[in-house]
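Okay, here's what each chain looks like letter by letter:
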Amino acid sequence: EDQVTQSPEALRLQEGESSSLNCSYTVSGLRGLFWYRQDPGKGPEFLFTLYSAGEEKEKERLKATLTKKESFLHITAPKPEDSATYLCAVQAGNQFYFGTGTSLTVIP
Amino acid sequence: DAGVTQSPTHLIKTRGQQVTLRCSPKSGHDTVSWYQQALGQGPQFIFQYYEEEERQRGNFPDRFSGHQFPNYSSELNVNALLLGDSALYLCASSFAGQETQYFGPGTRLLVL
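Quick mapping for you: the protein sequence lines, in order, are chains Z and W.
Position 42 (the first sequence) corresponds to 42 in this note's numbering; numbering is contiguous.
Convert by adding 1000 to the 1-based position in the second sequence; the result is the number in this note's numbering.
This is chain Z alone, in the form it adopts within the complex (with noise of 0.2 Å):
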């Protein structure tokens, strides 16, 4: 069965402190994975897509990485203004797979 896995569920950071976030998938034919950045009571904000393992890709204190099984979403020195939940998606055919999310929070 085609699924997406992400963890933690939760995680509270100090400012400044660094931080992984997972997300494993169990699909046939991946042709992307997706990360999205959602704030209370919005939709979803394209983050980045990965089309193969090995692939990396960063915007500001971001960067994502995938394997064959899994990507992580790294953030480095995080600020208050990353607070977010962070999701994942893969997309086999034409159907997506979302994970539940990683809520973030960052403390000043």
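In short, the hints are calculated from the structure, not lab data.
One thing to keep in mind: the hints can contain errors.
In the DMTMM-like style, the derived pairs of lysine to aspartate or glutamate whose C-alpha atoms are separated by at most 20 Å in a straight line are [to be verified]:
| id | chain 1 | residue 1 | chain 2 | residue 2 |
| --- | --- | --- | --- | --- |
| 1 | Z | K57 | Z | E45 |
| 2 | W | K1026 | W | D1062 |
| 3 | Z | K68 | Z | D82 |
| 4 | Z | K68 | W | E1051 |
| 5 | Z | K68 | Z | E56 |
| 6 | W | K1013 | W | D1085 |
| 7 | Z | K57 | W | E1054 |
| 8 | Z | K79 | Z | E55 |
| 9 | Z | K79 | Z | E15 |
| 10 | Z | K42 | W | D1085 |
| 11 | W | K1026 | Z | E45 |
| 12 | Z | K69 | Z | E56 |
Chain W regions said to be covered by chain Z (calculated; three or more residues, Cβ under 8 Å) [claimed, not checked]:
| id | segment |
| --- | --- |
| 13 | 1052-1058 |
| 14 | 1074-1080 |
| 15 | 1094-1103 |
Pulled from the structure, derived: some chain W residues nowhere near chain Z, Cβ distances all over 10 Å [to be verified]:
| id | residue |
| --- | --- |
| 16 | G1016 |
| 17 | Q1018 |
| 18 | G1028 |
| 19 | Q1048 |
| 20 | D1062 |
| 21 | N1071 |
| 22 | L1083 |
| 23 | D1085 |
| 24 | S1086 |
| 25 | A1087 |
| 26 | R1108 |
Predicted model only: the values in this text are computed from it and were never measured.
Glycine included, C-beta positions come from ideal geometry on N, C-alpha and C.
Model the placement of chain W on the given structure of chain Z, informed by the hints.
Chain W alone, transformed into the frame defined by chain Z:
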């Protein structure tokens, strides 16, 4: 460049009623997908429309139906509403052949 827009922003219905939600894709996009997001959960894929046809469907009953118009905008219709249909309904658009989807702000549906 306008992003994905959705209307209405909020909606309250009672059980058994029908609802129609609307979505306009990002400029240049021709593919629209709909998602249901319950509180505290990730978005669940409902279906995707391309060239005015339903191209892929998730695990949702036939009460959920949709339409895509020649200008690529789309509607999501839900019949015989249940309390469990209360959720944030998200529309996402993309360009055929490019996998990345961009989401709208969503429509919050409350069924009483």
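Tested hints:
1. Z:K57 / Z:E45: 16 Å, holds
2. W:K1026 / W:D1062: 27 Å, violated
3. Z:K68 / Z:D82: The given pair, whose Cα atoms are some 27 Å apart, is violated under the 20 Å limit.
4. Z:K68 / W:E1051: Distance of about 33 Å is beyond 20 Å: violated.
5. Z:K68 / Z:E56: Holds - the C-alpha atoms of E56 of chain Z and K68 of chain Z are around 13 Å apart, at most 20 Å.
6. W:K1013 / W:D1085: 10 Å, holds
7. Z:K57 / W:E1054: Cα-Cα ~32 Å, so violated.
8. Z:K79 / Z:E55: Outside the cut-off at roughly 25 Å; violated.
9. Z:K79 / Z:E15: 5 Å, holds
10. Z:K42 / W:D1085: 18 Å, holds
11. W:K1026 / Z:E45: 13 Å, holds
12. Z:K69 / Z:E56: With Cα atoms ~15 Å apart, K69 of chain Z and E56 of chain Z stay inside 20 Å; holds.
13. 1052-1058: holds (count 3)
14. 1074-1080: violated (count 0)
15. 1094-1103: holds (count 5)
16. G1016: 27 Å, holds
17. Q1018: 24 Å, holds
18. G1028: 15 Å, holds
19. Q1048: 6 Å, violated
20. D1062: Label holds. Min Cβ-Cβ 18 Å, cutoff 10 Å.
21. N1071: 21 Å, holds
22. L1083: Given a closest Cβ separation of 20 Å, the condition holds.
23. D1085: Its Cβ never comes within 10 Å of chain Z, the nearest being 18 Å, so this holds.
24. S1086: Nearest chain Z Cβ is 14 Å from S1086 of chain W, so the label holds.
25. A1087: It holds; A1087 of chain W is separated from chain Z by about 12 Å at its closest Cβ, greater than 10 Å.
26. R1108: Violated, because the least Cβ-Cβ distance between R1108 of chain W and chain Z comes to about 7 Å, which does not exceed 10 Å.
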